[in-house]
Amino acid sequence: MPRNHRHRIDRRALLALGLSAGVAVMAPMPVSAQDSGAFLKGETVRIYVGYSPGGGYDAYARMLAPHFEKRTGATVVVENRPGGQGLTALNQLVRVKPDGLTMMMLNGEGAVMSQLIKQAGVAYDMGTVSMLGRALIEQHVLIVGPNMPDDVKGLMGLKRKIKFSATGRTDNLGDYAAVTCEALKLDCQIITGYKGSKEAGLAVMNGEVDALAISEGSGVEYAQGGRAKLIATIGHQRSELAPNVGLLHEIVQLGPDQKWWLDFRLGIKAVGRSIVAPPGVPADRLQHLQRVWREIMTDPAVMAEGARTQRPLKYEEPGKSQQIVRDLLQTLPANKLNDVNEVLLKKYSS
Amino acid sequence: MLEAFLSAGGQIFQPAVLAAMAFALPIGLIVGLLPGISGISALAFLIPFTFGMQPLVGLAFLLASYAAVSQGGSMTAILLGVPGEVSNAATVMDGHKLAKAGKAGYAIGAALMASAIGGLFGCALLIILLPIMQPVILSFASPENFFLSLAGIAFIAVLSSGAPSRGLIAGSLGIFMSLFGYDPIEGVPRFWMGSEYLLDGFRLIPLALGLFAIPEILALMSSGKSIARQGSVEQISFRQGIEGALAVFRHWGMTLRSSALGSVIGVMPGVGGTTATFVAYAAARQTAANPETFGQGRIEGVIAPEAAKNAEEGGALVPTLALGIPGSASMAMLLGAFLVVGLQPGPEFLAKHMDLALALAYICALANFAASFLMFLLSRTLVYVTRVPGRVLAPILLVFVVIGTYAAQNSATDVLYVFIFGVLGVAMERLNYNRPALLLGFVLGETIERYFQVSLKAYGWLFFMRPVSIAIIVIALVCLLWPSRRQIASLWGRR
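Going down the list, the sequences are from chains P and Y. Heads up, the final residue of the first sequence is numbered 350 in the numbering used here, and it's a clean run with no missing numbers. Heads up, the final residue of the second sequence is numbered 845 in the numbering used here, and it's a clean run with no missing numbers.
Honestly, the hints are just simulated from the structure, not real lab data. All C-beta atoms, glycine included, are put in the ideal place defined by N, C-alpha and C. Keep in mind that the hints are not guaranteed to be accurate.
Derived coverage of chain Y by chain P (criterion: at least 3 residues anywhere in the stretch with Cβ under 8 Å from a Cβ of chain P; other residues may be distant) [claimed, not checked]: (1) 411-419; (2) 430-436; (3) 486-498; (4) 544-551; (5) 608-614; (6) 770-778.
Here's a subset of chain Y near chain P, in silico, CB distances under 7 Å, partners left out [stated by the list, open to error]: (7) Gln404; (8) Gly537; (9) Arg540; (10) Pro619; (11) Leu689.
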């Protein structure tokens with residue numbers, strides 16, 4: 001009797017094992033994908049934007065939100081939390097519960113740069129923030145005023161201070177100008193305080209300053225009117241909008257020290273505009289979110305919508321951006337960090 | 351060119367364009383009547399609706415709603431003493447006094463007509479400048495922005511000539527408050543005391559609503575009486591409104607001057623609408639007979655800022671269309687909308703789409719007139735608000751103020767600051783310190799600091815030697831010294 005009983009149990013156990021194995025083998029893949037996404041279904045997801053409604057980051061978040069809803073069954077609320085040049089929202093993000101229901105459309109370059117120079121108000125560590133995918137990087141170009149030389153070599157030959165316009169020291173204009181001056185060994189003065197990149201562009205056009213390092217879209221637009229000249233692309237690849245304009249390091253032979261400055265800034269550029277979540281999102285949820293964002297940002301229909309409304313998408317895997325950020329924040333030696341602070345914040349201020 | 355004018359005219363009379371405007375105007379009027387919810391918020395809210403619209407239809411929709419918002423803002427300034435938008439704060443000074451004296455209809459008629467004329471002026475200037483606007487805009491650089499802001503600050507003395515020292519104290523407090531948060535040049539935060547909120551300094555909307563709305567609400571609550579004194583309220587009639595409208599034509603010189611001031615300030619990308627209204631108010635006061643009666647219910651004190659405000663937006667469209675450089679915060683928002691409908695303003699845009707640019711100018715003019723007319727029709731009903739007992743009106747207003755403040759930046763801290771500034775506003779009102787002077791100091795403090803530093807770095811100490819700068823200095827001096835011209839002439843004669 002005891003023996004039969006044991007047999008019966010064994011048979012039941014085997015049957016259960018067989019059935020569950022069968023179910024597992026027969027179940028189609030999407031079910032497991034749906035399971036990993038169950039935490040989103042019917043929930044409200046918040047996407048923070050560190051700037052006011054109507055700006056570029058807000059427009060991207062609002063363009064992508066409906067696609068996220070469609071793929072996950074969640075309701076997305078885009079929350080504008082402007083302040084601290086975009087830092088306030090990131091400070092708030094890293095403090096929320098990492099359940100995968102709160103994300104942010106982040107100015108990744110600004111966030112890394114602010115942390116590097118230890119800007120007042122930084123209360124996050126970009127090395128620990130969960131990356132979900134990069135939406136866009138922008139190439140930068142060098143433009144000069146109508147009365148300036150037509151090429152980079154002419155600019156380098158000028159025997160006077162070259163004035164650049166910028167909104168701040170580390171705002172994508174000032175820092176690009178600083179690394180350009182450092183790489184080309186130019187005698188520069190970076191005038192900060194312009195209200196926005198448009199006003200900084202106007203300062204080049206009306207001759208108030210000589211040059212500006214600005215995103216390719218704006219640079220090409222200013223150059224079209226004939227009030228500014230586009231003389232170089234600051235990047236590793238030529239600009240798609242101005243393919244005939246040479247790269248800075250193609251035009252000028254740069255020594256390793258000079259090249260380091262360009263590589264340093266272009267490394268930060270790779271973070272671009274990214275979608276991020278707080279540190280510590282559980283691995284299964286993180287992977288699911290990364291997969292959903294990849295599907296959205298590589299979907300030809302979404303990309304076409306972006307191109308049509310002047311919001312192009314250039315997706316990059318989150319793993320790559322995360323590695324770049326960690327390298328930048330953790331492996332930069334102290335003396336280099338001091339140099340970075342000196343060049344970006346002080347050297348070209350007068 | 352003539353072809354572009356005609357084609358533009360034909361385009362705006364398409365049924366879809368007219369329908370978009372007809373739909374947008376009531377939305378704009380309602381948003382405008384809510385204190386704190388500005389034209390910028392209205393644009394941010396409406397831009398997503400323009401997805402998939404034809405460019406002109408989408409932009410007509412946005413421009414019409416925007417024009418209507420500013421009309422709504424004047425109504426609350428006059429009727430309730432609460433500026434609907436920050437730029438309406440100058441209208442409160444005389445407009446609300448007239449409403450209290452039971453002449454709300456008169457003030458509203460004048461404000462709406464002045465807005466319409468100002469708007470028309472701004473749009474006419476836009477049409478004239480479109481073909482030649484690039485050199486005009488490029489002649490304005492940082493030194494010009496600095497001197498214009500400086501002239502604006504000098505007008506604090508004019509705003510408060512009844513009690514100059516108190517006006518200057520209020521203005522200085524405003525400038526001091528503008529120093530909080532990131533400094534505009536190096537981005538180093540000042541006086542932030544470890545508070546993330548203060549990294550950006552104090553915010554304009556909580557300040558304006560705290561200074562103007564809270565004291566008004568408190569007065570309504572404590573007295574329990576209606577805004578207009580019992581028995582002083584005239585039956586609102588078309589006649590009263592038309593009298594107000596005719597007052598604009600009686601003061602046509604000042605209306606045109608204010609419109610011109612507004613447009614010029616609008617064309618300059620660095621200086622905003624609030625400056626335009628205060629400068630126009632102060633200039634009107636300086637050139638009028640019996641300037642001491644300003645602030646006690648002079649109709650010119652309503653006409654000047656209203657004309658300047660609407661003219662300013664036409665002016666601000668100039669750099670937006672010609673260079674893709676927004677002339678004001680709301681134009682920056684509109685620039686975003688251009689991109690949404692697939693257009694990129696700038697020199698190329700004008701070369702390719704001159705007819706579209708002209709059509710926008712026409713729409714701007716048409717929307718200003720239509721919004722004024724609609725608001726005039728509504729005003730007969732709205733004016734009854736001034737007869738609602740304070741104990742009923744105050745809580746309703748308070749709810750609107752809280753919602754409006756919160757909606758501006760989704761920030762509960764902003765709401766807290768409305769009450770903090772409210773305490774300041776009540777204290778200033780009781781002690782007879784000039785609140786508009788504080789607001790002007792706050793708005794211009796940052797601009798002056800920014801453009802002084804930039805001018806100094808870009809041009810050195812001789813930055814004031816630019817022709818346009820000199821012209822601004824001379825005009826500002828003439829305006830400031832105008833009331834004392836006889837004394838100056840006699841002093842000159844004695845030499």
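These are the hints, each one checked on the structure:
1. 411-419: n = 0 at 8 Å, threshold three: violated.
2. 430-436: violated (count 0)
3. 486-498: holds (count 6)
4. 544-551: holds (count 4)
5. 608-614: violated (count 0)
6. 770-778: With 0 residues close enough to chain P, the hint is violated.
7. Gln404: Result: violated, 14 Å to nearest chain P Cβ.
8. Gly537: Holds, because the Cβ-Cβ distance from Y:Gly537 to chain P comes to roughly 4 Å (cut-off 7 Å).
9. Arg540: 10 Å, violated
10. Pro619: This interface hint holds because 6 Å falls under the 7 Å limit.
11. Leu689: 4 Å, holds
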